[in-house]
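**Student:** Given the structure of chain R, go ahead and fit chain A onto it with the hints provided.
There are 2 protein chains.
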Amino acid sequence: MPFIARHDCVMFDGREIFYYDSVERERTAVDGREFEERPKPAELRLDLLTNEWIAVASHRQKRAFLPPKELCPLCPTTGPLATEIADKDFEVVVFENRSPSFAQPDPGWHMAENSGVETEIHQAAGRCEVVVFSDQHEGSFGNLPLAQMRTVMEAWRDRTREISKLDYVEQVFVFENRGEEVGVTLNHPHGQIYAYPFITPRTARMLRVAQEYFDKHGRPLLTDIIDREINDEVRVITQNEHWIAYIPFAARYPYEIHVAPKKFVPDLAALSQEAADAFPEIAKEVLLRLDGIFGIAMAYIAAWHQAPVRTGRDALGLHWQITSIRRAPGKLKYLAGSESAMGAFIMDLAPEQAAQAMRDVNL
Amino acid sequence: MPFIARHDCVMFDGREIFYYDSVERERTAVDGREFEERPKPAELRLDLLTNEWIAVASHRQKRAFLPPKELCPLCPTTGPLATEIADKDFEVVVFENRSPSFAQPDPGWHMAENSGVETEIHQAAGRCEVVVFSDQHEGSFGNLPLAQMRTVMEAWRDRTREISKLDYVEQVFVFENRGEEVGVTLNHPHGQIYAYPFITPRTARMLRVAQEYFDKHGRPLLTDIIDREINDEVRVITQNEHWIAYIPFAARYPYEIHVAPKKFVPDLAALSQEAADAFPEIAKEVLLRLDGIFGIAMAYIAAWHQAPVRTGRDALGLHWQITSIRRAPGKLKYLAGSESAMGAFIMDLAPEQAAQAMRDVNL
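Order-wise, the sequence lines are chains R and A. For the first sequence, the numbering used here begins at 1 and goes up steadily by one. For the second sequence, the numbering used here begins at 1 and goes up steadily by one.
A hint or two may mislead.
It does not matter which identical chain is used: a pair holds within one copy or between any two.
Stated by the list, open to error - Here are the computed lysine to any residue pairs in the SDA-like style, where the Cα-Cα straight-line distance is at most 20 Å:
no., residue 1, residue 2
1, Lys-165, Pro-107
2, Lys-331, Ala-299
3, Lys-216, Pro-39
4, Lys-216, Asp-47
5, Lys-165, Ala-278
6, Lys-331, Leu-66
7, Lys-262, His-242
8, Lys-263, Val-236
9, Lys-40, His-59
Everything labelled a hint here was simulated from the structure, so no lab data went into it.
For reference, chain R alone in the conformation it holds in the complex (with noise of 0.2 Å):
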């Protein structure tokens, strides 16, 4: 069981930082930077259509794009210029983001209802926090230390059972956005994490689906296709006593992976810590997996589902959710009129050739 100590400190603007060390240090360097005012929350509004609220962050245009080394906003503080993280050097850092879509919201403040048609404006309560997974600006997620992986893992759980604590907090949605091609504006690995006032339409959609099953069968739906895939054997690519990782059945992506704690859990927080501590394998197997396909580096969006901070928490299983859009080199997979509109995914890889494709990777 690692040793993991978290320093809180306190922005330049107010917002809170975490240190987070796997050798215990002290962390008291000071954010210098002159005051500024944060900017508000963005706004929520309901789409009448579909019943689900939108965040309008109008704020955000204005973000760094892709910055050289040397401006890197994620880089340790080693020069003149004044970074978001104070200190000389870290292992993992996590901070408030300064724009952020969802943040702490007035006094007072309540979710809303959908109310009719009327043109109501509501607060986009949350928080919304950055995730720097090293102090070196080059490098992934996948290609970290195994231990630094695991001072991730270790900052990941402790965030979930913070946030959770917050009342206007319903969900907590770990992830990481990896490569240009899906929107990354910062090199720097790290991920992100949003917290929202409400709970999300997918997560919403896999809770009603879960619970059924769940009041069904009496036993969680996901425990069920682990077994399912288990059984299978050809989406499989690779497991260990803890975890299983496979290509789901009815994958939507040309590469789509699960990576599912085999032991039932809703969320991070509820993971054991033999558990949490054999995931930095597996993850690392997986993404380098990923990367040798092509043998180049590959853009995906990696998702942590969680089950609400409360409801469903019997039912809805904790599963790393990684997919890609690229289909070959220099191809894409586009959201295109089935899939954007419709919701309606069309795959052109079949999920059997591409966990075997994942298992032929030479390591």
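**Tutor:** Quick look at chain A alone, frame taken from chain R:
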């Protein structure tokens, strides 16, 4: 009311092709290519986590990619190369897709049910058609002459009517993808029709919401949304006697435009002739304004939302949804973690600003 004649012909491999003409003329050109077996329809697989159907069409990888004019399969056949269209000219042509994701099933086919954790593969019954807007290789839907757009509209209406008769089709989706940014592989102006053997996730969602609204208020939701937009004014782009174009209050994309008939109808086939005839003018204005925002041809997905064939026809209203992922010159909106994995959209531009920008374009 325009005269539109339809000539039904057969292609070299048995596929149907329809010529739509606004003046009566012969269509006797024969597709003389050597017979070739048509590919089997794709597979349907159930995603157990969401209870949604995924089509697996692994034969689609081989599609032509942006062929030059002299190799374009959607141009008329004027030289030695036999294209998909045998005649030497045409107005509007519709034909069955050569490598369809959904196609006529074997006799006895019926749509499968969710049968629990089974690894079952089903035939992707349905129909995929290509709608060629013009015999000119260059151009776009918005730049067609109004009379030509009217012929396209009549073709869409006729195909919706005809395909709705197929007993294995539950939903007819008429759409256009424009631009390489949304994966278009043929530049020749064209759209597509996908007819699904199930109700797509997005339509199912809209149908549930619209049905609840109808049951509660006795009016279609879309009718009341249009009233709100007319009342609020700020998001309206333009209107005429029969149609209104607006940016929806909770748009998901930097430029998302809804064009809806003022009088509720479930689908294109149900439009009055007057409403159908009034569409080209507003469609052209909207598309020219969209291209005018940045002075470039905007990539977009233009999707006709129609009620399913057999249900919800009092509740779910026809509307044309145009979404563009361009948020600035040189900047695209990517579907990253929140949108792609959670279905929770973050918008960078306020809908009122987008509507203002559309209205401000000088035509």
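**Student:** Each hint: holds or not?
**Tutor:** Hints and how they fare:
1. Lys-165 to Pro-107: within (16 Å within a copy, 56 Å between copies)
2. Lys-331 to Ala-299: Both, since 12 Å and 18 Å are each at most 20 Å.
3. Lys-216 to Pro-39: Answer is neither; intra-copy 47 Å and inter-copy 40 Å both fail.
4. Lys-216 to Asp-47: So Lys-216 and Asp-47 pass the 20 Å test across copies only (18 Å; inside, 32 Å).
5. Lys-165 to Ala-278: Neither: 26 Å inside a chain and 55 Å across chains, both beyond 20 Å.
6. Lys-331 to Leu-66: between (22 Å within a copy, 13 Å between copies)
7. Lys-262 to His-242: Cα proximity of Lys-262 and His-242: one copy only (5 Å, versus 58 Å across).
8. Lys-263 to Val-236: For Lys-263 and Val-236, only the intra-copy Cα distance (17 Å) is at most 20 Å; the inter-copy one is 53 Å.
9. Lys-40 to His-59: For Lys-40 and His-59, the Cα distance is within 20 Å only inside one copy (9 Å; across copies 49 Å).
Hint check: violations occur at hints 3, 5; the rest are consistent with the structure.
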